[in-house]
Amino acid sequence: MPLKLIVLAKQVPDTHNVTADAMKADGTVNRGALPAIFNPEDLNALEMALEIKDQTDATVTVMTMGPPRAANILREAMYMGADAGILITDRHFAGADTLATSYTLALGIKKVGDVSLILCGRQAIDGDTAQIGPQVAEKLGINQLTYVEEFVNVEKKSITLKRTLGQVSETVKTALPLLITVTSSANHPRTFGAKRLMKYKKARTAIEAEQEVRRSSTTGEYGMEILLDEIEQKKKSLKSKGLFFETWSADDVGADHEQIGLPGSPTKVKKVQSVVFAASELKKIEPNPEGIREMFIELIEDRTFG
Amino acid sequence: MGNYFKDTPDIRFNLERVGLKTLADLMENDYSDAKIFDFAPETAEEAVENYLDICALAGELCAGPIAERARQIDREGNSVSDGKVTYHKLIQDNLRDFQRAQLMGISLPRAYGGLNMPQVVKIAVLEMVSRADASLMNLVGLQDIGETINEFGTNDQKHQFITGLASGDTTGAMILTEPDSGSDLQSVRLAAIPPQPGEDPNVWRLNGVKRFITNGNGDTLLVLARSEEGTRDGRGLSMFVCSKDETIYIRRLENKLGIHGSPTCDMTFNNTPAYLVGQRKRGLIKYVMSLMNGARMGVSAQAIGIAEAAYKDAKEYAEKRIQFGKPIIKFPAVYDMLTDMRIKIEAGRLLLYEAGRIVDMFKIRTARMEEAKEKGDAPDLEMKKQIRIQERLASVLTPLSKYYNSEMSNEVTYKGIQVMGGSGFMKDYNMERYYRDARITNIYEGTSQLQVIGALGGIMSGVMDKIFQDFVEYEFPRRLNPIVRVAKAMVPLLYEAIAFVKEKKDSEYTDYVAKRIVDICLDIYQSVLFLECAEINERKEHIAVVWVREANLRVSFNHKFILEDRHEVIDLHKEILD
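Protein chains in written order, with this note's numbering: chain A, 1 to 306; chain B, 307 to 884.
Chain A on its own, in the form it takes in the complex (with noise of 0.2 Å):
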């Protein structure tokens, strides 16, 4: 039996190049004037993920809950390399927190079942919790190995990595099944594979696939059930060449509505502090060896580094 993986992918607006619209005047983020992106620690587990698979017959699949929309993490993943994507959304998911996201992705990997191991992003860059994996991990009552920076090799029941603990690393060999959170030093995530992209720009979730055939349907509302028809014909088609992303709700998961999106949350925003930088914090850095160096040691001594 082939070692069946799982990554847990988060589509994530790209905080790391803020343009100037980024904050609504609430303090809130303006997610529309962000480009949505694979969140970056998440590429990291899904290249390790890939690594292991080139070394033995893994299959790896990418499990993401959001909006449809994020069927574009689940693409960028199959041009790299993964072998299936799974999507879970719902609009009861809305306002989830850690906890209810948690949750609902402990019941998806259940749902795809026999997993050996599940492999996170260390953290989110929109949120910077790091709890989603841990908390999986609890619910899946499985193993769980945070900060992991390097596969060194997998057994049929058991695994060794390396994890990173700032200034010292240590290697634990450890049961299958596992979940890891891997960290951004792990390894650089891999190109898009040319054939990989011109086959999978073609797959679609399932409401994808309906969107494009209603978008392109002649029947009138009179041919509901030939629409109907038409949208599992296209499904079917698209499973057929491996083109189909499983697309899941709460209900296909199997969750208790109570712990899932808002109710499900307990996590409470108490305030938010809009911090603006007033001119007199500014501080001018000289272009040369000498200010660059003040720089570090300032830096360092109020511990933003080391």
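These aren't lab readings, by the way, just hints derived from the structure by calculation.
Don't take every hint at face value.
Unchecked claim - Subject to a maximum C-alpha distance of 25 Å in a straight line, what follows is the list of computed DSS-like cross-link-like pairs (lysine-lysine): (1) Lys236/A - Lys327/B; (2) Lys53/A - Lys395/B; (3) Lys201/A - Lys327/B; (4) Lys201/A - Lys632/B; (5) Lys327/B - Lys284/A; (6) Lys618/B - Lys733/B; (7) Lys202/A - Lys234/A; (8) Lys626/B - Lys284/A; (9) Lys202/A - Lys312/B; (10) Lys199/A - Lys691/B; (11) Lys199/A - Lys341/B; (12) Lys341/B - Lys241/A; (13) Lys239/A - Lys341/B; (14) Lys202/A - Lys327/B; (15) Lys341/B - Lys234/A; (16) Lys395/B - Lys201/A; (17) Lys341/B - Lys202/A; (18) Lys626/B - Lys283/A; (19) Lys632/B - Lys283/A; (20) Lys341/B - Lys235/A; (21) Lys312/B - Lys199/A; (22) Lys618/B - Lys312/B.
Treat the numbers as computed from the prediction; the structure is a model and nothing was measured.
We have chain A; now place chain B onto it with these hints.
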């Protein structure tokens, strides 16, 4: 993240200018590959989208890790011991990345693992590779040898060799040069011994020395060798293919001025088993010419990529560097250099992509003709005529492009250092690497002097006539009149110069002024291309204004020089060379 395709819109402009849809229709025939290969396009629109997607993919890869690794590779190079070459660790990473990106068989057929894309797409990719790391172009560009095997090899050879090249599992080399045979390949001596009785009737044995071989340590080697014992000229040479094995010994790697990432091998063949490619005695005359023409397109792309890198760095520097209280780009002496660099790069790109288009048309149509012939269809005479025209045009535009672009790249990188002043001279910046890397482009795959001779015959015999005649007769929009008039007036000067030289019937004089005739032709042809663009693109119109006026001065000078019948260097050089 950076992307060399997106930050240089001129590449896309040129791809679109050459008519990707037409090329797609030709490449894909009836789009029947889509039934066999899940990544093959079903429509022309999809094919074109794929071409652009692949360029964007390569653009990101090149702007990212490839560019990042270039400086260290340049400093540390490759190593050789016990007759075997080890690539620098970062070159191994580069090759792995290109393999994963599935970009090692861009123009090879899908049946052997390629992407079946036109030459112009490959050119765009090679240009971007070269902008990041010129030396990597030599390794990535050697997918060309797969094309030669595909064109002339047997089915067995295709299966055995192309698949590995296209997947990137193997790399290749074209092995032509010897210590005593550089520009003059007719004198190649490496011996090919015919199959002996009692042995495999397909296996020849190669013995001898080759030198200056790019990636001679590659896995799949195309070797030019003397199959006809006792002969001395090009008609005794055949082309062979073999795999790397213990009979091949790399004696040393050359210590070079530039392209340090590309291993240049001095190597011996010691009874190496090899297979004949195509027909005996056609090695140099037919196959090497085909191989070389592909490689010349690659070197043209390499030259443009290096020049683009130099221009980008120089411009950024000139905008930031403050002297006398303002950025130096504000001084006429500096913006003049930068403008000149930009225009010359774009002139070169127009020429290369147009040459690529012609090569594509010619190659694809030839392949279609062959298919029809195999099916037993009656030959399409009109098509045959078209192919002949395009073949002749390609045989002029390929050397023109290699000549112009490699010289241009040297000039642009020279000015790049000049713009940056002392900083450009320092190893702290990439500019000095561009300058060193550019220097090989007008030497290998045929020096500029050989390209001039290669193009001259076609120009003198009228290959460009139809293009120039159409140009003179074409009515451009009225707003372009001032420069159109200047450009059209250059055409008769070319023909006057050609007539003068023909009239003289003096081969030494013809060789002596060959470069000037070719330069006049280039100046006119690139004016034609710029004016075509000026019709639809305002920025190109601005460039056309500058280009045509300068070209006119150069053409006048060269024309005058030729017609003055200047013999002083021919007559006096022996006295002067002390």
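Here is what the structure says about each hint:
1. Lys236/A - Lys327/B: At roughly 31 Å apart (the allowed maximum being 25 Å), Lys327/B and Lys236/A break the hint.
2. Lys53/A - Lys395/B: holds, 23 Å
3. Lys201/A - Lys327/B: holds, 20 Å
4. Lys201/A - Lys632/B: violated, 49 Å
5. Lys327/B - Lys284/A: violated, 53 Å
6. Lys618/B - Lys733/B: holds, 17 Å
7. Lys202/A - Lys234/A: holds, 12 Å
8. Lys626/B - Lys284/A: holds, 17 Å
9. Lys202/A - Lys312/B: holds, 23 Å
10. Lys199/A - Lys691/B: The given pair, whose Cα atoms are some 38 Å apart, is violated under the 25 Å limit.
11. Lys199/A - Lys341/B: holds, 13 Å
12. Lys341/B - Lys241/A: holds, 11 Å
13. Lys239/A - Lys341/B: Given that 25 Å is the threshold and the Cα spacing comes to 16 Å, the pair holds.
14. Lys202/A - Lys327/B: Roughly 20 Å separates the two Cα atoms, so the pair holds.
15. Lys341/B - Lys234/A: holds, 17 Å
16. Lys395/B - Lys201/A: violated, 33 Å
17. Lys341/B - Lys202/A: holds, 15 Å
18. Lys626/B - Lys283/A: holds, 20 Å
19. Lys632/B - Lys283/A: holds, 23 Å
20. Lys341/B - Lys235/A: Holds, at about 19 Å.
21. Lys312/B - Lys199/A: Given pair Lys312/B, Lys199/A holds - Cα atoms ~22 Å apart, limit 25 Å.
22. Lys618/B - Lys312/B: With a Cα-Cα distance of about 14 Å, the restraint between Lys618/B and Lys312/B holds, given a limit of 25 Å.
In terms of the numbered hints stated before, the structure departs from hints 1, 4, 5, 10, 16, listed from lowest to highest.
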